[in-house]
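Student: Sequence:
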Amino acid sequence: MSQEIAVVGSPEFTTGFRLAGVRRFENVPDDEKDERLDDAATTALEDEGVGIVVMHDEDLDYLSRNVRQDVETSVEPVVVTIGSGTGGGGLRDQIKRAIGIDLMDEDEDS
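Residue numbers (the working numbering): 1 to 110.
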């Protein structure tokens with residue numbers, strides 16, 4: 001069974017992904033994130049048809065402690081955060097968590 005990408009965030013954030021063909025998304029307007037973002041993230045995490053969940057890195061601040069921990073430790077689906085605060089180290093950690101190895105690890109014997 002193939003899995004899909006889901007995007008969770010504001011309509012402004014999800015629109016580009018929807019235009020690129022992503023069919024699963026949870027729109028949460030900025031003024032409703034405190035009340036609705038936990039449920040939206042949980043819905044995406046529990047959807048068996050989803051293999052990757054994309055969120056804006058700043059939206060993690062709106063999540064409750066338990067949901068944030070679920071997002072940060074989820075392996076399937078893997079959660080990828082993007083945005084202004086995501087650096088190369090964060091992406092490296094996300095890739096390592098998703099596939100179990102560090103692709104950017106340099107061999108010290110070379």
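In case anyone wonders, no lab produced these hints; they're calculated from the structure. There could be a bad hint or two in this list.
Stated by the list, open to error - The calculated SDA-like cross-link candidates involving lysine to any residue, where the alpha carbons are at most 25 Å apart (straight line), are: (1) K33 with L45; (2) K33 with L60; (3) K33 with S64; (4) K33 with E4; (5) K33 with D61; (6) K33 with R68; (7) K33 with E46; (8) K33 with E58; (9) K33 with F17; (10) K33 with D102; (11) K33 with T15; (12) K33 with D70; (13) K33 with T73; (14) K33 with G83; (15) K33 with V80; (16) K33 with G49; (17) K33 with P11; (18) K33 with I5; (19) K33 with S2; (20) K33 with A20; (21) K33 with I101; (22) K33 with V22; (23) K33 with D47; (24) K33 with D57; (25) K33 with S10; (26) K33 with R65; (27) K33 with R18.
Student: Now, for every hint given, state plainly whether the structure supports it.
Tutor: Results for each hint:
In summary, the hint linking K33 to L45 is supported, as the alpha carbons are separated by about 17 Å, within the 25 Å threshold. A distance of roughly 10 Å separates the Cα atoms of K33 and L60; the hinted pair therefore holds under the 25 Å criterion. Distance restraint check for K33 and S64: the Cα-Cα separation of roughly 11 Å lies within the 25 Å cut-off, and the hinted pair is therefore satisfied. Taking the CA atoms of K33 and E4, the gap is near 24 Å; set against the 25 Å cutoff, the hint holds.
With a C-alpha separation of about 10 Å, the suggested pairing of K33 with D61 holds against the 25 Å cut-off. Among the hinted pairs, K33 with R68 is consistent with the structure: their alpha-carbon atoms are about 13 Å apart, no more than 25 Å. This hinted pair checks out: K33 and E46 have alpha carbons roughly 19 Å apart, not beyond 25 Å. Taking the CA atoms of K33 and E58, the gap is near 11 Å; set against the 25 Å cutoff, the hint holds.
For the given pair, K33 sits about 19 Å from F17 by alpha-carbon distance, which is consistent with the 25 Å threshold. A C-alpha spacing of about 33 Å is found between K33 and D102, which places the hinted pair above 25 Å, so the restraint is violated. Taking the CA atoms of K33 and T15, the gap is about 17 Å. The hint holds against a cut of 25 Å. Distance restraint check for K33 and D70: the Cα-Cα separation of roughly 17 Å lies within the 25 Å cut-off, and the hinted pair is therefore satisfied.
With a C-alpha separation of about 21 Å, the suggested pairing of K33 with T73 holds against the 25 Å cut-off. Restraint check for K33 and G83: the C-alpha separation of about 17 Å stays at or below 25 Å, so the hint holds. Only pairs whose Cα atoms come within 25 Å are accepted, and K33 paired with V80 is accepted, the gap being roughly 18 Å. Between K33 and G49, the direct Cα distance comes to roughly 24 Å. Compliance with the 25 Å bound is thereby established for this hinted pair.
A distance of roughly 12 Å separates the Cα atoms of K33 and P11; the hinted pair therefore holds under the 25 Å criterion. For a cut-off of 25 Å, the pair hint linking K33 to I5 stands: about 21 Å separates their Cα positions. For the proposed pair K33 and S2, the alpha carbon gap of about 30 Å is over 25 Å, so the pair is violated. The suggested pairing of K33 with A20 holds, with an alpha-carbon distance near 24 Å, which does not exceed 25 Å.
Note on K33 and I101: the hinted pairing is violated, with a Cα-Cα distance of about 34 Å set against a maximum of 25 Å. Restraint check for K33 and V22: satisfied, since their Cα atoms lie roughly 21 Å apart, inside the 25 Å limit. With a CA separation close to 20 Å, the supplied pair K33 and D47 stays within the 25 Å bound. Proposed proximity of K33 and D57 is supported: the alpha carbons are some 13 Å apart, at most 25 Å.
Of the supplied pair hints, the one linking K33 and S10 holds, its CA atoms being roughly 8 Å apart against a limit of 25 Å. A C-alpha spacing of about 14 Å is found between K33 and R65, which places the hinted pair at or below 25 Å, so the restraint holds. Distance restraint check for K33 and R18: the Cα-Cα separation of roughly 20 Å lies within the 25 Å cut-off, and the hinted pair is therefore satisfied.
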